[in-house]
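Q: If you want the building blocks of each chain, they are given just below.
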Amino acid sequence: MDNGACSYRRFLEGDEEGFVEIVRDYKDGLIFYLNSFVSNIHIAEDLTQETFIKLGLKRPKDLKKGSFKTWLYTIGRNTAVDYLRKNKKIVEISTEELLLLASDEESLEESYIKNEKKIAVHRAMAELKNEYRQVLWLIYFEDFSNKETAEIMKKSVHAVETLVYRARTALKEKLVKGGFTE
Amino acid sequence: MKDYREMANDAMIEIKARKRIKNKRKKTIAYVSVCFCLICVLPLSLWMGGMFDGDDKIDILPPETGIESNIHIDPETKDSPPIIEEPTVIWADNTEYVYGGGESSLGRTAGIYDYYKDYDDDTLLGWVVYRNMTYLYFTEPELRAMEGYQNRYIQEKQKIEARMKAETGMSTNEAEARIFDDAEYQKIVKEYNEGIFNEVYTKIMDRVYADNVDYIESLKENGIKVEYDASQKEYQGYLYNFCGFCVISASRSQIKEYLAASGNQLSFFPAVSGTEYCTDFYVAKEIDLPKGEKITEGAMELFNNAGGESVDVRIFIAYPGGKVYTLEELEAETLRQMGLTYDQLMNSNDSDLIQRFIELKRYIDSDSAYVDALRERVLKEDEYVYDLPWSKIYYAKITYERALEIIESDEIAYIDVVYTEGIYEKDPIRKNVYAFQYKDIVE
Numbered sequence: 025m026d027n028g029a030c031s032y033r034r035f036l037e038g039d040e041e042g043f044v045e046i047v048r049d050y051k052d053g054l055i056f057y058l059n060s061f062v063s064n065i066h067i068a069e070d071l072t073q074e075t076f077i078k079l080g081l082k083r084p085k086d087l088k089k090g091s092f093k094t095w096l097y098t099i100g101r102n103t104a105v106d107y108l109r110k111n112k113k114i115v116e117i118s119t120e121e122l123l124l125l126a127s128d129e130e131s132l133e134e135s136y137i138k139n140e141k142k143i144a145v146h147r148a149m150a151e152l153k154n155e156y157r158q159v160l161w162l163i164y165f166e167d168f169s170n171k172e173t174a175e176i177m178k179k180s181v182h183a184v185e186t187l188v189y190r191a192r193t194a195l196k197e198k199l200v201k202g203g204f205t206e
Numbered sequence: 062m063k064d065y066r067e068m069a070n071d072a073m074i075e076i077k078a079r080k081r082i083k084n085k086r087k088k089t090i091a092y093v094s095v096c097f098c099l100i101c102v103l104p105l106s107l108w109m110g111g112m113f114d115g116d117d118k119i120d121i122l123p124p125e126t127g128i129e130s131n132i133h134i135d136p137e138t139k140d141s142p143p144i145i146e147e148p149t150v151i152w153a154d155n156t157e158y159v160y161g162g163g164e165s166s167l168g169r170t171a172g173i174y175d176y177y178k179d180y181d182d183d184t185l186l187g188w189v190v191y192r193n194m195t196y197l198y199f200t201e202p203e204l205r206a207m208e209g210y211q212n213r214y215i216q217e218k219q220k221i222e223a224r225m226k227a228e229t230g231m232s233t234n235e236a237e238a239r240i241f242d243d244a245e246y247q248k249i250v251k252e253y254n255e256g257i258f259n260e261v262y263t264k265i266m267d268r269v270y271a272d273n274v275d276y277i278e279s280l281k282e283n284g285i286k287v288e289y290d291a292s293q294k295e296y297q298g299y300l301y302n303f304c305g306f307c308v309i310s311a312s313r314s315q316i317k318e319y320l321a322a323s324g325n326q327l328s329f330f331p332a333v334s335g336t337e338y339c340t341d342f343y344v345a346k347e348i349d350l351p352k353g354e355k356i357t358e359g360a361m362e363l364f365n366n367a368g369g370e371s372v373d374v375r376i377f378i379a380y381p382g383g384k385v386y387t388l389e390e391l392e393a394e395t396l397r398q399m400g401l402t403y404d405q406l407m408n409s410n411d412s413d414l415i416q417r418f419i420e421l422k423r424y425i426d427s428d429s430a431y432v433d434a435l436r437e438r439v440l441k442e443d444e445y446v447y448d449l450p451w452s453k454i455y456y457a458k459i460t461y462e463r464a465l466e467i468i469e470s471d472e473i474a475y476i477d478v479v480y481t482e483g484i485y486e487k488d489p490i491r492k493n494v495y496a497f498q499y500k501d502i503v504e
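Taken in sequence, the protein lines are chains H and Y. Add 24 to the 1-based position in the first sequence for the working numbering, that's all there is to it. Add 61 to the 1-based position in the second sequence for the working numbering, that's all there is to it.
I should point out that these hints are in silico values taken from the structure, not numbers from a laboratory. Any given hint could turn out to be false.
Stated by the list, open to error - Straight-line C-alpha distance at most 25 Å; calculated BS3-like pairs for lysine-lysine: (1) Y:K80 - H:K142; (2) Y:K63 - H:K138; (3) Y:K80 - H:K78; (4) Y:K80 - Y:K63; (5) H:K82 - Y:K384; (6) H:K82 - Y:K77; (7) Y:K63 - H:K82; (8) H:K138 - H:K82; (9) H:K138 - H:K196; (10) Y:K458 - H:K78.
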């Protein structure tokens, strides 16, 4: 798999279908990743779209092979961080909207993650600290290496390794409490 | 939640909008810089060089018309679009009114350069050339007569449309389309036809037609291939027939050369694939169709706002499976079916005969059997709203999902919003696109 590099190259050459393919391949994963920042699936969706817009506007030409996805997630992270900076106050959400958010998140889980056990793990992750959710999502759901994760999260590789260890421990506790068995 | 295609489309629209704003900013900066140079540096340089020789822009309109053109070509700026200024008000009595011109055509002229900017200068492209003949051919008394006619016609037409809507509950668009079948409307058209047509219109159209022959020849002499000539010496019962247009193959540089050398005021439009032979004048309006796409931005906005519900759209037929006539073939076939010779028709003072000729010609040109068969293949019964007997456009009510299915067919050119007066006011995206292009070029 070329991690979207081929689609992206076609998009750079003027084929808008290449762009559509990128959105198709990365939209859902990015939404979940950005949701781990904002904890609102609809806002995460807007931020994902904004990430693709930034991709279309910046159109960086010097991406090395395989680094496209890393770049996309980095931009996604920056977009989410910007959003959080600008929207510091807590927004009240009605019960009705909360139910809608949960329902949308669940249906996206079912279509993207598919595997039932993984879905259960993902739901348990929702109770973890944001940073733990982010690192676990990148490594265990999106298959990024520690080095790539470090690049996206703007941390050292060592810091990521420590973070993964702590995140896994916290997740294990949650899963055990929830009666999850392998 | 959006699906991936929706998100990709929304993102692309936003990317294009932001790029335009970015370009505009760049141009504003360039504009300010140029202004600075013009105000501070250039006069000094020119004064020092003794070069204050005035404006060397070429006006499109010949001086003998007595009308100042609103489009100029700067021969020094090879690759830039024409400089378009505010349209000249020909008779600015109490009405700031330009007959048969105005901002929409300026927007379109500006738009085409934007639309084709990615092509090499020498790439041959399909263009619709629209001749704004009004500037050239109306004398003031003629124009006033036609203006009076138009006002009365519009009032009467509006009354009939209002009646049709009240009687049947049909929409404005549907009433506009079905009015052609209304007996009262046909009576009014006939009255006006025999009145104003004989008094003014025949004379005007004779002049237009005679000039058009020269015009087509001049295009050919300039190496421009004329694919289709849709200029008509005929009365169509409504108001767009003051304009002639034809479809040509030419490169941007050829067009610029021709514009610079020509004494005509022209507007150029992209000939969107498959619509070259469509006689609906508004085919030329659609400048917001991104290359390779089949749903205009306006239509996409409608679909987005509808949230999955059906919306009213126009579906333009690409027409690869239909019979395409040249004008000569079409006229010959029409005359054959009427049992007339060309001279018999032209020498006849029977306006009914001419009207029948026009209607039959349209009917044949529209290749009605093909259009109907295609409609049945492409549209479900409850999606079809109406079409006009001579056009290759279906008016339909469809969802976005269905739109995606429909455009899969090579026989469908593109899907657009339904045109109504003032649509650009109602459609913020399109309004901004037009306003931007116009302003951008003027700047």
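Q: Can you list which hints this structure breaks, lowest number first?
A: Hints 1, 5, 8 and 10 contradicted; others consistent.
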